[in-house]
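> Residue numbers (this note's numbering), protein chains in the order written: chain X, 1 to 350; chain H, 1 to 350; chain V, 1 to 380; chain W, 1 to 380.
Treat the hints loosely; a few may be bogus.
[To be verified] Derived lysine-lysine pairs resembling DSS-like cross-links, with alpha carbons at most 25 Å apart:
#1 V:K165 - V:K138
#2 W:K165 - H:K60
#3 X:K60 - V:K138
#4 W:K138 - W:K165
Honestly, the hints are just simulated from the structure, not real lab data.
None of the values given here were measured: they were computed from a predicted structure.
Listed below, chain by chain, are the residues.
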Amino acid sequence: MTTAAATAEPAAVTRRPATMAQALGRALRDAMAADPDVHVLGEDVGTLGGVFRVTDGLAKEFGDDRCTDTPLAEAGILGAAVGMAMYGLRPVVEMQFDAFAYPAFEQLLSHVAKMRNRTGGAMPMPITIRVPYGGGIGGVEHHSDSSEAYYMATPGLHVVAPATVADAYGLLRASIASDDPVVFLEPKRLYWSKADWSPERPEAVEPIGRAVVRRTGRSATLITYGPSLPVCLEAAEAARAEGWDLEVLDLRGLVPFDEETVFASVRRTGRAVVVHESSGFGGPGGEIAARIGERCFHHLEAPVLRVTGFDIPYPAPMLEQHHLPGVDRILDAVARLQWEADWTPGKAGN
Amino acid sequence: MTTAAATAEPAAVTRRPATMAQALGRALRDAMAADPDVHVLGEDVGTLGGVFRVTDGLAKEFGDDRCTDTPLAEAGILGAAVGMAMYGLRPVVEMQFDAFAYPAFEQLLSHVAKMRNRTGGAMPMPITIRVPYGGGIGGVEHHSDSSEAYYMATPGLHVVAPATVADAYGLLRASIASDDPVVFLEPKRLYWSKADWSPERPEAVEPIGRAVVRRTGRSATLITYGPSLPVCLEAAEAARAEGWDLEVLDLRGLVPFDEETVFASVRRTGRAVVVHESSGFGGPGGEIAARIGERCFHHLEAPVLRVTGFDIPYPAPMLEQHHLPGVDRILDAVARLQWEADWTPGKAGN
Amino acid sequence: MTVLEQPGSYHPVPPPAWRPRVDPAPLLPDAEPHRVLGTPAAAAADPDLLRRLHAQLVLGRRYNAQATALTKQGRLAVYPSSTGQEACEIAAAAVLEERDWLFPSYRDTLAAVARGLDPVEALTLLRGDRHTGYDARKHRIAPLCTPLATQLPHAVGLAHAARLKGDDVVALAMVGDGGTSEGDFHEALNFAAVWQAPVVFLVQNNGFAISVPLAKQTAAPSLAHKAVGYGMPGRLVDGNDAVAVHEVLGEAVRRARSGGGPTLVEAVTYRMEAHTNADDATRYREDDEVEEWRGHDPIALLEREMRSAGLLDDDTSRSAQEAAEAMASDLRERMNEDPVLDPMDLFAHVYAERTVQLRDQAEQLRAELEAAAEAGEENR
Amino acid sequence: MTVLEQPGSYHPVPPPAWRPRVDPAPLLPDAEPHRVLGTPAAAAADPDLLRRLHAQLVLGRRYNAQATALTKQGRLAVYPSSTGQEACEIAAAAVLEERDWLFPSYRDTLAAVARGLDPVEALTLLRGDRHTGYDARKHRIAPLCTPLATQLPHAVGLAHAARLKGDDVVALAMVGDGGTSEGDFHEALNFAAVWQAPVVFLVQNNGFAISVPLAKQTAAPSLAHKAVGYGMPGRLVDGNDAVAVHEVLGEAVRRARSGGGPTLVEAVTYRMEAHTNADDATRYREDDEVEEWRGHDPIALLEREMRSAGLLDDDTSRSAQEAAEAMASDLRERMNEDPVLDPMDLFAHVYAERTVQLRDQAEQLRAELEAAAEAGEENR
Ligand SMILES: Cc1ncc(C[n+]2csc(CCOP(=O)(O)OP(=O)(O)O)c2C)c(N)n1
Ligand SMILES: Cc1ncc(C[n+]2csc(CCOP(=O)(O)OP(=O)(O)O)c2C)c(N)n1
Ligand SMILES: [Mg+2]
Ligand SMILES: [Mg+2]
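Assemble the whole structure, with the sequences as input and the hints as a guide.
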C-alpha cells in the first residue's frame with residue numbers, strides 16, 4: 001500500500017515552515033489530482049475552504065462537483081458518501097467538529113463500517129472521514145470532544161490520527177488510498193503547528209497502522225498519538241532532569257493497532273504510560289494497557305499507567321487546561337512507576 | 001438510593017417461575033404505579049406491548065399518555081424524552097434493538113449525557129434508556145450488536161446490565177429511580193430465561209453500580225455481566241472437572257464500575273478472565289483488564305485474559321455460535337493462566 | 001444618528017435572496033391517489049404490459065406464500081411478507097433499466113426477485129447463512145436494508161455519483177410509511193432535491209409500522225405532501241393498482257433520467273399479513289379492516305380489468321399459475337438444502353487486509369475448529 | 001381459484017385508512033412573506049407595542065455591537081451576532097408569557113436577554129467560564145444549543161409534558177435555515193404535529209449557514225412549505241418587520257395555547273455580520289447583497305413607520321439610545337471582570353453522586369492544585 005507521493009525528484013527542494021492544516025490541504029489536493037474519483041464533501045468545504053481552511057482552494061481548482069458544499073446534515077453527508085462509494089468514487093467527508101459527527105453514527109456504524117462485510121467483499125467503502133477533534137483551542141461546548149473510543153470499538157473502521165506535519169500529509173494520502181473506511185482524526189490544536197516541510201517533495205507515504213518511535217529511551221515508554229505527542233515529547237525532555245530517559249511512541253492512530261512496535265518498546269523498557277486526551281474510563285488507553293498487560297506481563301516492572309482526560313464532559317474553555325493531560329501530570333505518572341527495587345504495595349493497594 | 005420495592009410483606013408469597021421479560025415488565029408497571037411522572041415511550045410499546053412484550057399491558061393500565069407509541073424516529077424519541085425530563089418527568093425510553101439506538105447517539109452523547117453538567121446541576125436527566133442488546137437469538141444483521149463500549153466511554157451516563165430475573169426487576173427500578181440517565185442493557189437472549197421469583201414480593205432494590213459474586217472460588221475470577229453470566233457459571237461448573245475452582249463475578253453493568261468488589265476478588269484469586277460478547281478491541285474488557293493491571297499488579301499470578309466476541313461485525317445467525325464466547329473458549333483461557341510455578345515466557349512472547 | 005439616517009437605499013420588501021425558486025403548485029399531489037384500473041384510462045393501457053404485470057403479480061403472491069411457508073419449516077429465520085403489496089414491488093422493478101439501481105428495504109425481496117434476482121439469493125439474509133446473499137454490484141441491487149430509511153441517502157449518493165460520471169443511471173429507493181419519520185428520510189430527500197439527483201423515492205404506505213398505524217406516524221394530509229418541502233414533486237398513487245403504480249413510477253424515472261430531478265411517490269397499499277411471521281397482527285388491528293382491503297386486492301383489480309377487456313382467459317391465467325408453482329417448488333427444494341458454511345468466513349471481509357489482531361483471532365478459531373473436528377473423529 | 005373469485009366485496013378505490021386527516025390548503029404559506037410596516041395594516045398596530053419593539057430593537061442592536069466588541073478585547077471566546085435579525089430575536093421573547101419556555105440556539109442570546117435574562121449570564125457560555133451561564137429552569141430558557149436542531153425535539157417533549165400535566169405552557173424553539181436540513185428538525189416537527197404539542201418553531205432564514213447560501217441548503221419554494229408535510233400550518237413572514245413577526249408568532253402561540261397544535265414560522269431575514277467574529281464573510285458573499293439588506297434594516301423599517309405616524313420623536317429615540325448605552329456600558333464593565341473559577345467544579349455535576357473513579361480524579365486534581373499553589377508560594 002506504500003505510495004511514493006512524489007516520484008520525480010526536483011533539482012532543489014526548499015523545505016519551508018508549513019502548518020499541519022496546509023499539509024492536509026495539500027494531501028487532499030494531490031489525491032484529487034491523482035485520482036478523479038476522489039471527491040470532497042461537507043459543510044463549508046467549498047467556497048469557504050472549511051472552517052479550518054483545510055480544503056481551501058479545492059473547489060476553485062477542481063470545481064464544485066469535486067469539492068461540494070452540502071446541505072447541513074451529517075447523516076445525509078455520510079449516507080450520500082456511502083452511495084458514492086457504492087458507485088466507485090472515493091469520497092472524503094469532512095465533519096466540521098468532533099461532536100457534529102455524532103448525527104452520522106448510524107450511517108457510520110451500521111453501514112460504513114459493515115458494508116464490506118455485509119456484502120461479502122463486493123462493496124468496499126473507500127471513504128475517508130476527516131474529523132477535527134480534541135481540545136486545547138478554547139472551543140465552547142461540543143467543539144472539543146475526543147471521540148476515538150467510539151470509532152476504535154467499531155470493527156470495520158480504521159482510525160488514524162497524525163501528530164506531525166509530515167504525517168498529516170502522508171497518512172491522509174494513505175487513508176484516501178485505502179480501500180477501507182478511515183476515520184481520520186485531525187488534532188485541532190495542532191492545525192497551526194509548523195514544521196519544515198516541502199509540498200514539492202512530501203515524504204513518502206507509509207501504510208496506515210504503523211507506530212513510530214519519536215524518541216528513544218531506556219527508562220520507560222510513553223505511548224501516545226495525535227494532540228498528546230508534543231506534550232509527551234516535552235515531558236520526556238523535562239524527565240531528563242529527573243534522570244529518566246523516556247521513550248516516546250507515536251501510534252499514529254488506533255486501528256490497525258501496531259502491537260509489535262508497542263510490545264517491543266515496552267519489553268525493552270519494562271514500564272509504560274499511555275497518554276491521551278480522551279476520557280480514561282472506556283477510552284483507548286484501557287485497550288492499550290490491557291493488551292500490554294496481557295502480552296508483556298513478565299517484562300513489566302510496574303503497572304501500566306494512564307494519563308488521560310478526566311471522566312467528565314469536556315470542560316468550558318477557561319477550565320480545559322486542568323482537564324488535559326499536561327507535562328506535570330505525565331511526570332507524576334512516571335514517578336509512580338515503582339522505581340525502587342524494594343517497592344511494596346502501598347495504600348493504593350496495588 | 002436503595003428502595004424497598006415492597007414494604008408490606010404479604011402473608012404467603014408463592015414464588016413461581018417468571019421470565020426476565022416479565023420481571024422487566026413488572027418493574028415498569030410498579031414504577032409507573034409508584035410515580036405518575038414515569039412515562040414510557042418508544043416504537044410499538046403501547047398497543048403491541050413491545051416486540052419483546054416487555055411493556056405489555058402498560059398502555060391499557062396507564063393510558064396512551066403514560067405509555068406512548070411514538071413515530072418511528074429514535075433521535076426524536078430520545079430528544080422528546082430530554083424535553084420531558086426538563087419539565088420534570090422521568091421518561092423510560094425503549095430502543096427496539098441495539099443498532100436502532102444509533103440514530104439517537106447525538107441526542108445521547110451531546111445532551112442526555114451532558115445536560116446535568118452543562119447546566120451546573122440545574123437540569124438532571126432522569127431518563128432510562130432500555131436497549132435490548134446482544135446476540136444469540138438468531139437475529140439477522142443489525143439485531144445483535146453489543147454496543148456497551150460506546151455507552152461506557154461517555155461520561156454522564158450510567159450503564160446497567162442485568163443477568164438474572166431478580167436483578168432485571170431490581171436494577172430497572174433503581175435505574176428509573178436514578179436522577180441520572182441510565183442506559184439499561186437488556187440481554188435479549190435472557191428475556192425468556194426463568195427463575196423462581198415473586199412479583200408480589202420482588203427483591204429489595206440495590207443501588208446500581210454494585211457488582212456481586214455469583215459463585216465463590218479460589219483459583220481465578222471470571223468477570224462478566226449480562227448475557228455472559230450463565231455461560232460463565234456453566235464454565236465454572238465444567239472447570240471443576242479440571243480442578244479449577246472459579247469465582248464468578250457479575251458486574252451488573254459497567255458504570256458506575258464497582259472496582260472495590262473486582263479488585264478484592266482478583267487480589268484473592270490472583271488470576272482473572274474478563275468475559276463479554278462485545279468485540280474485544282476497544283471493548284469493556286480492555287478497561288476492566290487495564291484497571292486490574294494497574295491496581296492489582298502485584299497480586300497477579302498471570303496476565304488478565306479476555307474472552308470476547310471477535311473484532312468483526314456481528315455475524316449471520318448460522319455463524320453466531322462461533323463468535324460468541326462459549327464455555328470451551330472460557331476454559332481455554334483459564335488453562336492459559338500460567339498455572340505451572342515454573343512458567344516462562346513462551347512463543348506468545350508475554 | 002438613528003438607523004433611518006444611515007446611507008443606502010430603502011427597501012420596503014425583503015431583497016430577493018429568500019424568493020421561491022420554484023412554483024409550489026405543481027409539486028403538490030392530487031387529493032386522490034392516481035388510479036387506472038376500473039377507470040376509463042385503463043382502456044388505453046398496453047395489453048402486453050397488463051399481461052406481464054399480471055404474471056408477475058401472480059408469481060409474487062406465490063413467492064410470498066412460499067417464503068412464509070419456509071419460516072414455518074424453519075428454513076427462514078424470519079420473513080416480512082409483501083402480500084397485498086405486490087403491485088408496488090413488481091412495478092418498482094419493471095420501470096428500471098438494467099443499468100439502473102434498486103435500493104430495497106427488508107420487505108422488498110420481491111422487488112429484487114422481480115428484477116431478476118434468484119429468489120434463493122434474495123432470501124439468504126432472512127435464512128441466516130450470510131448477510132447480503134447476492135452480488136449487489138452485479139445486480140445493481142443494494143443490500144436489503146434493515147436500519148430504516150438509511151438506504152435513502154445511499155440511493156441519492158449513488159445517483160449523484162452516476163450523474164457526475166456522466167452515466168445515464170436512475171436509482172429507485174423503497175421505504176415504508178414508518179421510515180418516513182426517520183431523519184435520514186428528510187436528509188436524503190433534501191440532498192436529492194438540492195443536487196437534482198436522478199432518484200425516485202417510493203414510499204409504500206401500507207398503513208402500519210409494525211403495530212403503529214399511520215395516524216400515529218404522521219398528521220400530514222398525505223406522505224406525498226412532504227415533497228413540496230424539498231422542492232420536488234409529490235405523487236399519490238393507488239399502490240394496489242399495478243398499472244397506476246407502473247405509470248407514476250415510470251414517469252418519475254423518466255423525469256429523473258432526463259435531468260428533471262427526484263420525485264417522491266406515495267403508494268397507498270396495505271400489509272395483508274402480520275409484520276413478519278414473528279408478529280401477531282391481531283394485537284393491534286381488526287379483521288374488518290383486513291377484509292376491506294382484501295376487496296381491493298392488486299391481483300383482483302387487475303384480473304377484473306383484464307377479463308372485462310378480454311385479456312385474461314383461463315389459459316393465460318393457468319400458465320401464470322403454473323409458472324408461479326414452478327418457481328415455488330424450485331425455491332422450496334433449494335431452500336431445503338442446508339447451506340454450506342465456512343466459519344472462517346467471519347474474518348474474510350472485515351477489511352481488505354486482515355489486521356494482526358484478526359489474524360490471531362482467525363488462528364484461534366481455526367485451532368478450535370480443528371480440535372472440535374478431532375474430538376468428533378475420536379468419538380466416532 | 002383465481003384471486004378474483006375470492007370471497008368478500010370488491011373495492012375499486014382504496015379503503016379509507018390512507019385518507020387525509022386535514023385539508024392541506026390552509027397549511028400552505030402565502031407566496032409573499034407577511035408584512036405590516038410600510039403597508040396600510042400598520043395603521044392598526046398598537047402604538048405602545050411599536051414603542052416597546054423599537055426600544056428593544058435599539059437595545060438589541062447595541063447589545064450585538066457590544067458583544068462583538070468584547071470578542072476583540074478577548075472577553076468573549078466567540079460571538080455569533082444577530083445584527084440585522086433583532087426583530088426576530090425580540091419578537092420571539094415578546095410573544096411568550098413568563099410560564100412559557102424559550103429554546104434558543106447559539107445565535108439567540110439576544111432573545112434570552114429580551115426575555116429578561118442578565119446579558120452577562122446570557123454570554124457566559126461564549127465567554128468560556130462555564131457552559132450554560134444561567135439557571136435554565138428558573139428562567140424557562142433552555143440552554144443555548146450548539147448542535148444544530150437538537151433543541152427542537154426538546155421543545156416538543158417539554159411542551160408535550162406540560163400539556164400532559166395540564167399546564168398552560170407554550171414552547172417556542174428557534175433554529176436557523178441551515179438547521180432545517182438536519183434530521184432532528186424533521187423528527188421534531190413530526191412529533192409535534194402527531195402529538196399536537198403546543199410548540200412554535202421559528203426558523204430564522206438569514207440566508208446563510210456559515211458560508212452556505214440558502215440555494216445550496218434547499219430547493220424548496222420556501223422553508224415554510226415544509227410544514228404541510230407534517231400537517232401543521234407554515235407561515236412566511238418578513239423577519240425584519242418586527243410588527244409582522246410579532247403578529248405571526250403571537251398568533252402561532254395563541255393557536256398552540258388553545259390546543260391548535262404546532263406552527264412552523266419562517267422569518268426571512270439576513271445575517272448582517274459574519275457568522276461569528278472568527279468568520280470572514282467576504283470569502284463567500286458580495287458587499288452588494290449586504291448593502292441591499294441594509295436598506296431593509298429592521299430598525300429603519302420600524303422608525304420610518306413610527307415617524308410617519310408621529311410615534312417617534314427625538315426624545316423617545318434618545319431615551320431608547322440612552323437605555324441601550326447604559327446596558328452596554330454595564331455589560332462592558334461586568335464582562336471586564338475576570339470570572340472566579342473553581343477547577344474542582346469539573347467534577348461537581350457529572351452525576352448526582354460522584355463515582356469512585358471521579359472521587360479519585362478529584363482528589364488527584366486537588367493535590368495538583370495544592371502542589372501548584374505551594375510551588376507558587378515558594379517562588380514568591
Ligand atoms: C432505525 C430503525 N429503527 C427501528 C427498526 C425496527 N423496525 C423494523 S421494521 C419497523 C417498522 C417499519 O415500518 P414501515 O417503515 O412502515 O415499513 P413496513 O414494515 O410497513 O414495510 C421497525 C420499527 C429498524 N429496523 N430500524
Ligand atoms: C450538528 C451540527 N453540525 C454542524 C455544526 C457547525 N455549525 C455551527 S453554526 C453552523 C451553521 C448554521 O447555520 P443556520 O442554521 O442557518 O444558523 P445561523 O448560524 O445562520 O444562525 C454550522 C454548520 C453544528 N453546530 N452542529
Ligand atoms: Mg408500513
Ligand atoms: Mg442561517
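> Does each hint fit the structure? Answer for all of them.
Here is what the structure says about each hint:
The suggested pairing of K165 (chain V) with K138 (chain V) holds, with an alpha-carbon distance near 18 Å, which does not exceed 25 Å. Our distance criterion of 25 Å between C-alpha atoms is met by K165 (chain W) and K60 (chain H), whose separation comes to about 19 Å. Distance restraint check for K60 (chain X) and K138 (chain V): the Cα-Cα separation of roughly 36 Å exceeds the 25 Å cut-off, and the hinted pair is therefore not satisfied. With a C-alpha separation of about 18 Å, the suggested pairing of K138 (chain W) with K165 (chain W) holds against the 25 Å cut-off.
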